[in-house]
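> Modelling step: build the complete structure from the supplied sequences, incorporating the hints.
Sequence lines, in order, name chains A and G. Just so we're on the same page, the working numbering is the position in the first sequence counted from 1, plus 6. Just so we're on the same page, the working numbering is the position in the second sequence counted from 1, plus 275.
Watch out, some of these pointers could steer you wrong.
Unchecked claim - In silico lysine to any residue, SDA-like type, Cα no more than 20 Å apart, as pairs:
(1) G:Lys421 to A:Val94
(2) G:Lys421 to A:Arg97
(3) G:Lys421 to G:Leu453
As the list claims (entries may be wrong) - Using C-beta positions, here's what the derived DEER-type ranges look like:
(4) A:Glu175 to G:Gln501: 44 to 54 Å
(5) A:Glu175 to G:Gln365: 15 to 25 Å
(6) G:Glu401 to A:Met126: 34 to 44 Å
(7) A:Thr173 to G:Asp347: 33 to 43 Å
(8) A:Leu211 to G:Gln404: 50 to 60 Å
(9) A:Lys176 to G:Ser411: 31 to 41 Å
(10) A:Pro174 to G:Ile535: 50 to 60 Å
Keep in mind that the hints were calculated from the coordinates and are not lab data. Cβ atoms here follow ideal geometry from the backbone N, Cα and C, with glycine treated the same way.
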Amino acid sequence: MAVLARVVEHRALQYRRTFRASIFSSFLSPLLFLTAMGVGLGLYVDRSSNEALGGLSYLEFLAPGLLAASVMQAASFESTFPIMGGLVWSRIYHAMYASPIDARDIALGNLAWIALRLTMIAIVFTLVITALGAASSPLIVLAIPAAVLTGMAFAGPIAAFSATQRTPEKFAAIFRFGITPLFLFSGTFFPVENLPDAIEPLAWLSPLYHGVALTRGLALGTAVDQPIVMLIHVLVLSVITMAGAIAAVVMIRRRLVRG
Amino acid sequence: MPGTPETSLIHARGLTKRFGSFTAVDAVEFDVAPGEAFGFLGPNGAGKTSTMRMIGCVSPATDGLLRILNLDPATHGPQIRARLGVVPQQDTLDNELTVRENLVIYGRYFGLSRAECARRADELLEFAQLTERRNSPVEPLSGGMKRRLTIARALINEPTLMLLDEPTTGLDPQARHLLWERLYRLKQRGTTLVLTTHYMDEAEQLCDRLVVMDKATIVAEGSPRQLIDRYATRDVTELRFPVGVQETLDGQLDGLAERIEWLPDRVLLYTDDGEAVAVAAHERGLQPEAVLVRRSTLEDVFLRLTGRTLVE
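Given below as structure tokens:
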């Protein structure tokens, strides 16, 4: 545990340099998205009828979903370039591995750092949601760890993949064919019930679907009405996160041993 | 030099590393004594780096016995690494941090307190002659400065054993000499140095004892002087003839020296008295364009043992 903290310390030291710009953009991104989509587009959605959204304004519906989806995007980015870069470009993980720090600590330390970063992003996002008046339940506080868990379900497996890469070429494919479709079709912008019946069950396979449902349930306070379903979402995300973390340890170790 | 796991800092017997069907290191045996400067010499692909990575406890041995500080790398990797200082072939500095931050954070990996890291970092900046660049980012540093920083970083835990993989490759002569001088100082302080190199002058400058590796095995072992005595003569007389003449000389040099080596552009005569051979050649009526009499070097040993064929 103490050893793992040294890896986190290193990442934090690196982060200090971009801290201000990073905080600014984590405010800006939800603000832009929520005003454009939630407020702007929401005006038309709310005018037609809000029955499909269960009586919610579009902004209220969208905001928690977008929270989970944005954290997923950040998680994906944090677990691609920085992981491969440290193994291939700067090789700083090899330098760490030459010290008493073990491959497992390097992998888990980086995941711990990613979780910290995601927490910062989720907090800022939640503040923006609250400021826009789209938080309808105090349970929204719990949407922060829910969103982080969603992100971590992506960070582990993607970090494991990144550890096998020598160039960033395939990262574009991950974003284009993985992250973006999930972002669009996991219930973030519209309920998955609106998808064609044949495709709808597929949404269940998307970790983001579980993350969005969980985050939304907490932000809107509806989670208390269906605790079992929420628990299942947490369970699914936790299992993926743990499997991903194990895979990341194995792959990063393999890469460090190979040199 | 025979040794035991208890008396040697590094003790290897039948040490082997295979990658699939490729054998990178084939049953090598060696001992490194405390305080010694020990070198692995060999052409590219001889297995030097693979051996170093096994000693550095980052790559497990496929077979054989390896003990470092009388510990088994397979079970005590982190404990051994805590007492090693590693200078890898490729720089692994963090370009996102400053020179000093690179040192401080590396000390943290070894569990040193922040205050202790700061104290040692300032001391090492002095040692590496980088004090003026302490707050500079790493990226714009010259190759020599980066190497010095890497060496300083490897010293942050006050290691018992330093592992240097081709420490001066790619540096200009000034940077190399400065580095040698710093490494020599470490040796004087009692730090054990293990290095790989394919520069003969580097090996002669730094190593008390070395092994020559070729094609995954150790082909010779000894001090630089011993190796020269054993595998070369005292002198070498180099004769260079006008274009086309060398090919017509057949037999005319016979018996002039202990060993004669024909290169495309000159003839090397290995002998204990180079001057006498040069005179004798003249007396036989030979008219070389240029004559060079020199002492044998480790390079002659190296080329004799590992051949002149380019390894790629």
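> Tell me if the beta carbons of G:Glu401 and A:Met126 are separated by a distance inside 34 to 44 Å.
holds (38 Å)
> Measure nothing beyond the straight line between the CA atoms of G:Lys421 and A:Val94; if it is 20 Å or shorter, mark the hint as holding.
With a Cα-Cα distance of about 18 Å, the restraint between G:Lys421 and A:Val94 holds, given a limit of 20 Å.
> Are A:Leu211 and G:Gln404 spaced within 50 to 60 Å by their CB atoms?
This hint holds: roughly 59 Å between Cβ atoms.
> Against the range 15 to 25 Å, how does the distance between the Cβ atoms of A:Glu175 and G:Gln365 compare: consistent or not?
Given about 22 Å between the Cβ atoms, the range holds.
> Would you check the hint for G:Lys421 and A:Arg97, treating anything up to 20 Å between C-alpha atoms as holding?
Satisfied, since the Cα-Cα distance of roughly 14 Å is no more than 20 Å.
> I want to verify a distance hint. Is the separation of the beta carbons of A:Glu175 and G:Gln501 within 44 to 54 Å?
holds (52 Å)
> Tell me if the straight-line CA distance from G:Lys421 to G:Leu453 falls inside 20 Å.
Holds, at roughly 13 Å.
> If you check the beta carbons of A:Pro174 and G:Ile535, does the distance land in 50 to 60 Å?
holds (56 Å)
> The hint says 33 to 43 Å between A:Thr173 and G:Asp347; measuring C-beta to C-beta, is that right?
Taking Cβ atoms as reference, A:Thr173 and G:Asp347 lie about 37 Å apart, which means the hint holds.
> With 31 to 41 Å as the target window, see if A:Lys176 and G:Ser411 comply at their CB atoms.
With a Cβ separation near 35 Å, A:Lys176 and G:Ser411 satisfy 31 to 41 Å, so the hint holds.
In this structure, every one of the numbered hints holds.
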